[in-house]
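Trainee: Sequence:
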Amino acid sequence: MIGAEASSVGGSGMARGIAVALAVIVVALGLPPGYVGAAEPMTERWSTTFGGPKWDEAYSVQQTSDGGYIVTGYTDSYAEDFRAVWLVRTDARGEEMWERTFGETGWAEGRAVRQTSDGGYILTGFVRVDDQPDVWLVKTDANGNKEWARTFGGPEAEWGFSVEETSDDGYVVAGFTRSEGEGEEDAWLIKTDSRGRQVWGRTFGGPQADYARSVWQTSDGGYIIAGRTSSYGSGGADAWLIKTDADGNEQWSWPFGGPKDDFANAVQQTSDGGYVFAGGTRSAGDGNTDMWLVKTDGNGTLEWGEAFGGSDEEEGCSVQQTPDGGYVMAGYTTSYGAGEEDVWLVKADSRGREQWSRTFGGSRCDIGYAVQWTSDSGYVVAGVTESYGNGSVDMWLLKVGGVVTGGPSVYQWVAVGAMIGVVALGAALLLRRKPLSG
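First residue of the sequence shown? That's 19 in the numbering used here, and the numbers climb one at a time after it.
There may be inaccurate statements among the hints.
[Claimed, not checked] Cross-link-like lysine-lysine pairs, in silico, DSBU-like; alpha carbons within 35 Å at most:
#, residue 1, residue 2
1, Lys-209, Lys-157
2, Lys-261, Lys-365
3, Lys-164, Lys-261
4, Lys-209, Lys-164
5, Lys-164, Lys-278
6, Lys-261, Lys-157
7, Lys-164, Lys-72
8, Lys-157, Lys-278
9, Lys-278, Lys-365
Hints listed in this document are in silico derivations from the structure and should not be mistaken for laboratory results. Since the structure is predicted, the reported quantities are computational estimates derived from the model, not experimental observations.
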């Protein structure tokens, strides 16, 4: 009996030990109640299309403070006349919460959107005024209701491509103008107050076509601008970086490229005080146009440049520095994938060396115009798809990697199995011990 009691006590203690060990495993693997599992890299978690029977495109996405997403582009399917700015708000799973259209003149597009410090949204693009497009700046509340809108431009065409809220609660917009400046097209930087009233505007360029595609407020309060210049540089067109002070006065500018066409689509200040831009190059790489990633120091001096692609066409449309010091780019490829163009997501390390890449799409044209690292360590991509959806071209939002609810990843289950095996082996050894005798 003494032996039986000892065995019973030992068994219950062992059971408690196993339970504690399993609890430790769950915590160690980061599996909170409900088993929220970390995803393997590059795994598509979900994708959502938005649109009707006509053309609908997305150009910009940002994760919102609640973990959802805000997307802008344009819609032909739901416009009153020809084309309208389209603002779409989703939850964390890409399910639509609401959508809004803006533009009563028959032609308007959204090119960039950002959540603002008051929880609303600021977007830029262009709207037709007197048969010519003007830069359009639209502010909404948290539910997408328009608070105000401003147009900027002259008798010729102007477009806005990029917008950021500034440290003084105003806004800065980058694009191009044909009404002002020295050349055919000039890069245009517009600074406004918190109500969208223009504080100043600056043009940059020479006698040829020059434009700005992206702007970022820098740590010194100034701005870094990326785009394309045909007035300066080595080739037919070169990528172009311009650094200004807080008042938009040029501090330096540099063209980047070779004898053929090269361009920059997106720029960001990096954690070391330098800059990184993504775009396309015909002067470097293996194909007609290759995706291009270029890193500079804080003075715009080239540190390195890397081209990605095959024998056909590739382009980088968006770039973001990731928390590991590397970079993620989104764009398209015709060298790889399943269709005419496929969304191409490329991850590089801090020196621009490819770590992984993946294509997304079907048999037709699919393009990723914007990418953002998300709070769950994944990526969200916005763009267009002809392969999926309801119409000719649909808005496309897809989530890659990160945390997904509903169960642990394969890798976590393997780790769980291995650790349970260790616990079970220990239990078996304990059971083989000779019971106590009376």
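Trainee: So, for every hint listed, does it hold in this structure?
Mentor: Against the structure, the hints come out as follows:
1. Taken as a hint, the Lys-209 and Lys-157 pair is honoured in the structure, with Cα atoms around 15 Å apart against an allowance of 35 Å.
2. For the hint pairing Lys-261 with Lys-365, the CA-to-CA distance comes to about 26 Å; that is within 35 Å, so the pair holds.
3. Distance check on the hinted pair: Lys-164 and Lys-261 sit about 32 Å apart at the alpha-carbon level, within 35 Å; holds.
4. Distance hint between Lys-209 and Lys-164 is fulfilled; the C-alpha atoms sit about 20 Å from each other, no more than 35 Å.
5. Of the pairs offered as hints, the one joining Lys-164 and Lys-278 is violated, with about 43 Å between alpha carbons and a cut-off of 35 Å exceeded.
6. For the hint pairing Lys-261 with Lys-157, the CA-to-CA distance comes to about 26 Å; that is within 35 Å, so the pair holds.
7. A C-alpha spacing of about 25 Å is found between Lys-164 and Lys-72, which places the hinted pair at or below 35 Å, so the restraint holds.
8. For a cut-off of 35 Å, the pair hint linking Lys-157 to Lys-278 is broken: about 39 Å separates their Cα positions.
9. The straight-line distance between the Cα atoms of Lys-278 and Lys-365 is roughly 26 Å, inside the 35 Å bound, and the hint therefore holds.
The structure fails hints 5, 8 (numbered hints given earlier, in ascending order).
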